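Enquirer: Just so we're aligned: the sequence shown equals residues 1 to 229 in UniProt numbering.
It should be emphasised that the hints constitute simulated quantities derived from the structure, not laboratory data.
Treat the hints with care, as some may be off.
Cross-link-like lysine to any residue pairs, in silico, SDA-like; alpha carbons within 25 Å at most [to be verified]:
(1) 225 <-> 14
(2) 225 <-> 70
(3) 87 <-> 67
(4) 87 <-> 107
(5) 225 <-> 196
(6) 106 <-> 155
(7) 87 <-> 144
(8) 106 <-> 148
(9) 87 <-> 148
(10) 141 <-> 92
(11) 87 <-> 47
(12) 87 <-> 140
(13) 106 <-> 151
(14) 87 <-> 152
(15) 141 <-> 173
(16) 141 <-> 151
(17) 87 <-> 50
(18) 225 <-> 68
(19) 141 <-> 172
(20) 87 <-> 129
(21) 225 <-> 214
(22) 106 <-> 43
(23) 87 <-> 31
(24) 87 <-> 110
(25) 87 <-> 34
(26) 87 <-> 150
(27) 141 <-> 152
(28) 225 <-> 187
(29) 106 <-> 81
(30) 141 <-> 125
(31) 225 <-> 173
(32) 106 <-> 92
(33) 141 <-> 28
(34) 225 <-> 23
(35) 106 <-> 141
(36) 106 <-> 90
(37) 141 <-> 171
(38) 106 <-> 41
(39) 87 <-> 10
(40) 141 <-> 9
All values derive from a computational prediction rather than experimental measurement.
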Amino acid sequence: MPDGSNIIGRGIYPVPVAARLLHMPAARVRAWVYGNGSEAVLTPELATEDGQEALSFINLVEILFLAELRGQGVSLQSIRTMLDRAKRMLGTEHPFAVRRFHTDGKAIWLETAEATGDRRLVDLTDGNGAMLQVLERSFRKSVSFDDTTAGIANLWRPSADQPRIVLDPARRFGRPIDSQTGMPTEILANALRAEGGNVARVAALWEVPPEAVEQAAEFEMRISKRLAA
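Can you build the whole structure from these sequences, using the hints too?
Expert: This is the structure:
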């Protein structure tokens, strides 16, 4: 696994952890980033060390958007074509994780649809682009970008039902945390179990609001169910 000097501000997610957060099979996550016997779609940001594979926060966001595309029926071949064009036009190996792709990258979409003839991609970009706008809006509801010229993704809010919970690569190595206190959700959820479900006691012990405890526990229960499934 990459050492600490390589992951400061970048986040680190072993493949099983990333899969749990993304609600995806680990084999699919590994295939999209590392190939796993086929051609990879994305470029891993963190080097594999001692046989241990881990994703960065940027990779996590890329997979999140890739999953949105696949959910709309866009083929992996078309996605690869789109990525190649976007990399050249935007000058980055990770275009799905930069603001510009999601705000003024419509030309990339249109060119890819024309080049591939992918029916689903054509449908997304046809006419006034309403379907494309819906897809992009869905993605941008949960992901924020920094204010630099590069506009790189810097925050993911994984659940609308637990709005306090965020993943921020600059805090706690990108672990899910309560946004206002910085407390990892795993710690609060474990404390709540240890205290027999007494929210008020956990809130007092850890000096956080009761809603931070409740949302952390709900979030951890949700992703644990995903893992079990």
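Enquirer: It remains to establish, for every hint, whether it holds in the given structure.
Expert: Hint by hint, here is what the structure shows:
no., hint, result
1, 225 <-> 14, "holds (18 Å)"
2, 225 <-> 70, "holds (23 Å)"
3, 87 <-> 67, "holds (19 Å)"
4, 87 <-> 107, "holds (13 Å)"
5, 225 <-> 196, "holds (20 Å)"
6, 106 <-> 155, "holds (23 Å)"
7, 87 <-> 144, "holds (20 Å)"
8, 106 <-> 148, "holds (21 Å)"
9, 87 <-> 148, "holds (18 Å)"
10, 141 <-> 92, "holds (23 Å)"
11, 87 <-> 47, "holds (20 Å)"
12, 87 <-> 140, "holds (20 Å)"
13, 106 <-> 151, "holds (17 Å)"
14, 87 <-> 152, "holds (14 Å)"
15, 141 <-> 173, "holds (22 Å)"
16, 141 <-> 151, "holds (16 Å)"
17, 87 <-> 50, "violated (29 Å)"
18, 225 <-> 68, "holds (21 Å)"
19, 141 <-> 172, "holds (23 Å)"
20, 87 <-> 129, "holds (22 Å)"
21, 225 <-> 214, "holds (17 Å)"
22, 106 <-> 43, "holds (22 Å)"
23, 87 <-> 31, "holds (20 Å)"
24, 87 <-> 110, "holds (15 Å)"
25, 87 <-> 34, "holds (18 Å)"
26, 87 <-> 150, "holds (13 Å)"
27, 141 <-> 152, "holds (15 Å)"
28, 225 <-> 187, "holds (18 Å)"
29, 106 <-> 81, "holds (14 Å)"
30, 141 <-> 125, "holds (20 Å)"
31, 225 <-> 173, "holds (23 Å)"
32, 106 <-> 92, "holds (17 Å)"
33, 141 <-> 28, "holds (24 Å)"
34, 225 <-> 23, "holds (10 Å)"
35, 106 <-> 141, "holds (18 Å)"
36, 106 <-> 90, "holds (13 Å)"
37, 141 <-> 171, "holds (21 Å)"
38, 106 <-> 41, "holds (21 Å)"
39, 87 <-> 10, "holds (20 Å)"
40, 141 <-> 9, "holds (22 Å)"
Hint check: a violation occurs at hint 17 only; the rest are consistent with the structure.
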